[in-house]
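First to last, the sequence lines map onto chains A and B.
Using this note's numbering, the letters of the first sequence map in sequence onto residues 83 to 536.
Using this note's numbering, the letters of the second sequence map in sequence onto residues 83 to 536.
Derived by calculation from the structure, the hints in this document are not laboratory data.
Remember, predicted model here, so these are calculated numbers, not experimental data.
A couple of the hints might just be wrong.
Just so you know, same-sequence chains aren't split out, so a pair can sit in one copy or run between any two.
Quick list of in silico lysine-lysine cross-link-like pairs, DSS-like style, CA-CA up to 27 Å [said to hold, decoys possible]:
id	residue 1	residue 2
1	K501	K135
2	K135	K318
3	K367	K303
4	K318	K88
5	K318	K86
6	K166	K211
7	K200	K211
8	K280	K240
9	K93	K304
10	K107	K304
11	K240	K135
12	K278	K240
13	K262	K304
14	K86	K499
15	K533	K388
16	K262	K102
17	K501	K86
18	K207	K262
19	K88	K304
20	K211	K88
21	K303	K318
22	K86	K262
This is what each chain is made of:
2 protein chains.
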Amino acid sequence: MEDKIKDLSEKIIKLLEEVKIQEIKEIIDNLYPTEFTEVTDYLPVEQTIKIFKLIKDDERIAELLSELSSELQASIMEALGKEKASDILEEMDTDDAADFLGDIAPHESRKLLDLMPKEEAEGIKELLKYEENTAGSIMNNEFVSLPEDLTAEEAINKIRELSPEAELIYYIYIVDIREKLIGVISLRDLIMANPKAKISEFMEEDVVSVLDTEDQESVAKKMADYDFLALPVTEKRGILLGIITVDDIIDIMQEEVTEDIHKMVGSSEAYEDKLIKASPLTRAKARLPWLFVCMAGEMISGSVIKFHSDTLQAVMAMAFFIPIIMAMGGNVGAQSSTIAVRGLATGQLRVDELWYNIWTETKVGSLIGIITGIIIALVALVWQDNYVLGLVIGLSLCLTMITAATVGTLLPLIFTKIKIDPAISAGPFITTIVDVGSLLIYFGLGTFLFKILG
Amino acid sequence: MEDKIKDLSEKIIKLLEEVKIQEIKEIIDNLYPTEFTEVTDYLPVEQTIKIFKLIKDDERIAELLSELSSELQASIMEALGKEKASDILEEMDTDDAADFLGDIAPHESRKLLDLMPKEEAEGIKELLKYEENTAGSIMNNEFVSLPEDLTAEEAINKIRELSPEAELIYYIYIVDIREKLIGVISLRDLIMANPKAKISEFMEEDVVSVLDTEDQESVAKKMADYDFLALPVTEKRGILLGIITVDDIIDIMQEEVTEDIHKMVGSSEAYEDKLIKASPLTRAKARLPWLFVCMAGEMISGSVIKFHSDTLQAVMAMAFFIPIIMAMGGNVGAQSSTIAVRGLATGQLRVDELWYNIWTETKVGSLIGIITGIIIALVALVWQDNYVLGLVIGLSLCLTMITAATVGTLLPLIFTKIKIDPAISAGPFITTIVDVGSLLIYFGLGTFLFKILG
Numbered sequence: 083m084e085d086k087i088k089d090l091s092e093k094i095i096k097l098l099e100e101v102k103i104q105e106i107k108e109i110i111d112n113l114y115p116t117e118f119t120e121v122t123d124y125l126p127v128e129q130t131i132k133i134f135k136l137i138k139d140d141e142r143i144a145e146l147l148s149e150l151s152s153e154l155q156a157s158i159m160e161a162l163g164k165e166k167a168s169d170i171l172e173e174m175d176t177d178d179a180a181d182f183l184g185d186i187a188p189h190e191s192r193k194l195l196d197l198m199p200k201e202e203a204e205g206i207k208e209l210l211k212y213e214e215n216t217a218g219s220i221m222n223n224e225f226v227s228l229p230e231d232l233t234a235e236e237a238i239n240k241i242r243e244l245s246p247e248a249e250l251i252y253y254i255y256i257v258d259i260r261e262k263l264i265g266v267i268s269l270r271d272l273i274m275a276n277p278k279a280k281i282s283e284f285m286e287e288d289v290v291s292v293l294d295t296e297d298q299e300s301v302a303k304k305m306a307d308y309d310f311l312a313l314p315v316t317e318k319r320g321i322l323l324g325i326i327t328v329d330d331i332i333d334i335m336q337e338e339v340t341e342d343i344h345k346m347v348g349s350s351e352a353y354e355d356k357l358i359k360a361s362p363l364t365r366a367k368a369r370l371p372w373l374f375v376c377m378a379g380e381m382i383s384g385s386v387i388k389f390h391s392d393t394l395q396a397v398m399a400m401a402f403f404i405p406i407i408m409a410m411g412g413n414v415g416a417q418s419s420t421i422a423v424r425g426l427a428t429g430q431l432r433v434d435e436l437w438y439n440i441w442t443e444t445k446v447g448s449l450i451g452i453i454t455g456i457i458i459a460l461v462a463l464v465w466q467d468n469y470v471l472g473l474v475i476g477l478s479l480c481l482t483m484i485t486a487a488t489v490g491t492l493l494p495l496i497f498t499k500i501k502i503d504p505a506i507s508a509g510p511f512i513t514t515i516v517d518v519g520s521l522l523i524y525f526g527l528g529t530f531l532f533k534i535l536g
Numbered sequence: 083m084e085d086k087i088k089d090l091s092e093k094i095i096k097l098l099e100e101v102k103i104q105e106i107k108e109i110i111d112n113l114y115p116t117e118f119t120e121v122t123d124y125l126p127v128e129q130t131i132k133i134f135k136l137i138k139d140d141e142r143i144a145e146l147l148s149e150l151s152s153e154l155q156a157s158i159m160e161a162l163g164k165e166k167a168s169d170i171l172e173e174m175d176t177d178d179a180a181d182f183l184g185d186i187a188p189h190e191s192r193k194l195l196d197l198m199p200k201e202e203a204e205g206i207k208e209l210l211k212y213e214e215n216t217a218g219s220i221m222n223n224e225f226v227s228l229p230e231d232l233t234a235e236e237a238i239n240k241i242r243e244l245s246p247e248a249e250l251i252y253y254i255y256i257v258d259i260r261e262k263l264i265g266v267i268s269l270r271d272l273i274m275a276n277p278k279a280k281i282s283e284f285m286e287e288d289v290v291s292v293l294d295t296e297d298q299e300s301v302a303k304k305m306a307d308y309d310f311l312a313l314p315v316t317e318k319r320g321i322l323l324g325i326i327t328v329d330d331i332i333d334i335m336q337e338e339v340t341e342d343i344h345k346m347v348g349s350s351e352a353y354e355d356k357l358i359k360a361s362p363l364t365r366a367k368a369r370l371p372w373l374f375v376c377m378a379g380e381m382i383s384g385s386v387i388k389f390h391s392d393t394l395q396a397v398m399a400m401a402f403f404i405p406i407i408m409a410m411g412g413n414v415g416a417q418s419s420t421i422a423v424r425g426l427a428t429g430q431l432r433v434d435e436l437w438y439n440i441w442t443e444t445k446v447g448s449l450i451g452i453i454t455g456i457i458i459a460l461v462a463l464v465w466q467d468n469y470v471l472g473l474v475i476g477l478s479l480c481l482t483m484i485t486a487a488t489v490g491t492l493l494p495l496i497f498t499k500i501k502i503d504p505a506i507s508a509g510p511f512i513t514t515i516v517d518v519g520s521l522l523i524y525f526g527l528g529t530f531l532f533k534i535l536g
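Build out the structure end to end from the sequences listed, making use of the hints.
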């Protein structure tokens, strides 16, 4: 698809130069929003603005705009002028409109809200109040809710009336007079039902919903577990506030995974998904904190070596195996912690299986340790012709593998227990700890064994 | 929720002991499939089988069974007997039935298929032909397709007739007489339409579909980009074969991410999602190949140190900084490659921006290098009171950071170009390369500078 989009972009640039308005319009009309977004990746901002000025339909503008980056949205809205911008905001889904208004300067967003019809503006202001990453901040209010005393036929007619406003009407929520959520029916069931049947008779009363203050990660997990297309959001007394749709959740799942993966290698969480497009300075800043931790930790590793200088002076070959000990320990530690972190994130690993999991990983580490330990001992024997050194490096590597696998699994589980994001434990943190530990083992054993055997 | 499920499981175990059939039935009736799955996590297999024997409705059994692990499914089906098993398979979605039959022994699955009605069996056999991870292997045939000459009203009536078989009827696909896909309408649009209008007049003709041979990862990307609830699957001439629903895609996205993350730390791809539940031997086997690569690489690192033994003998303090050089290089390399790999997976990073991305990362590496290089030089000066050593370690760390960041970004992009999964490049592979490089820089610079300045 990438090539198709690139060709299309070049064609559009050419048509813009030749001012062939009608042809551009036709191309844009036939694009899905996601395709249009990819096209804009290849266009200078001014060209994208020109295109938006060609589109007359506010709803179509809103649809295309929603998928663009917030910077691009801001440039386009500014170029279109405040009046037009507020018209477009009206046509956007409330969650997208709130996202946009939350990203621009507060006084700008107030001006735009003032230009909008009061009811629409209130709806968006409600969403803006929510903290980031809560269900409230990602919900939209384009849902259909009906009272329970309607018949199926009346309900369908009512939906026909209301629908242009509803983002997703595949579920219809049933509320009582205080707007409390008491049931749900799918559009499918409504159509299949006897037209004269009351909806209260066939609605599902055990509604799975989320709280407005709930974390978006837990919303995503519920959506994935229950296989719903949308989840209703209520406040704590059960009043229906909005819905979160599955397509928004897919985006959030991707963001959360990216955030987790970046954390696992020790990139600060503050930059998240946008890290890849950030300036070098921003990117360096996101990564430095953990590198400092790593530096401090490795100073301890250095001190361990310094402490055993005499051994090293006597057996210089000890130095040749420092890379293997460190790299192998770091890798196994990273493997074990990453597998644990991902297991916790997907729910495949339960914290209450703590000891069982650690014990299994210890066994894995022992297996790996015995195999690699024997190999490296033989290598050392052949390479350096020193059987004590072979014994030292072989034993050390084996013990390092066991330590790395055990600690690598233990840390994410402990972090989870004390309510710190376990992803943090998987990066520089674990490798640094394992480095110090492995060098302690290696030089400790070396000093000891060379003393009694050398 | 976890606690609620645990309590529930204990209650069920107690009720099973007391043979309170009716009460157990009531509890199970009120559970969603995902909740039931979690309950079975706490139950011995025999108890789960007992519960399944209590449920009379084959459709409900099929629904609950679909969410369980394939091992558990097999045990239950065996306990229920072949006749019952084939009845249940009939009620399962074709994709779930095919998944189950693909996992058990071929002669067992043939026996079960023979017991099923011919048409159902044929549908499942079609799916079983597809290679794993293709669109064909994850599609199901519970879709609604209609000819284009119906009116909206006729279409709705037709759907009322067909529906019990359809997993997702929110999209209705329009096909010509040869079953070729020519349009799509949503159930919503159908209900909103004038009952007398022909569906050919308001159907969307530009249908986004996927090929049966397409990789599931690309299907997931399309679903996420276009925000659809289902995608139609066709063979290369455009004949409609099945649909893939968004809930299946969410599961696949999670699997793919887990697979990627495991690959990033060098766990073989063969074990994927199930790694966390595998035996220690299986887990060790999945991780050993890359550890061997790492060992071989670090032998080179060791040789670099050996080659510079004289320098090390003269300035023993050089050894104290090996951990910092190696750990910092490894971490920055892992950061850069992970950010690149994730960027490529989400589509935020394009291969055609190769040189621009590498140049940006080089700048990031330089910034990090200058800052950390100055700090470590000062530390070395104070700690070891040796200004040449300060210069050597400071310069080396700076150069290592630049190399690590650049190579860390370059490798995933090259891997993508030559069609190897870039996730492989992010783990032990990159850290080993960077280790060798950083020690070459460190000891090369050290030997040189101590010769001319020492």
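Index of numbered hints that the structure contradicts, given in increasing order
Checked against the structure, the hints that fail are numbers 1, 2, 3, 11, 16 and 20, while the rest are satisfied.
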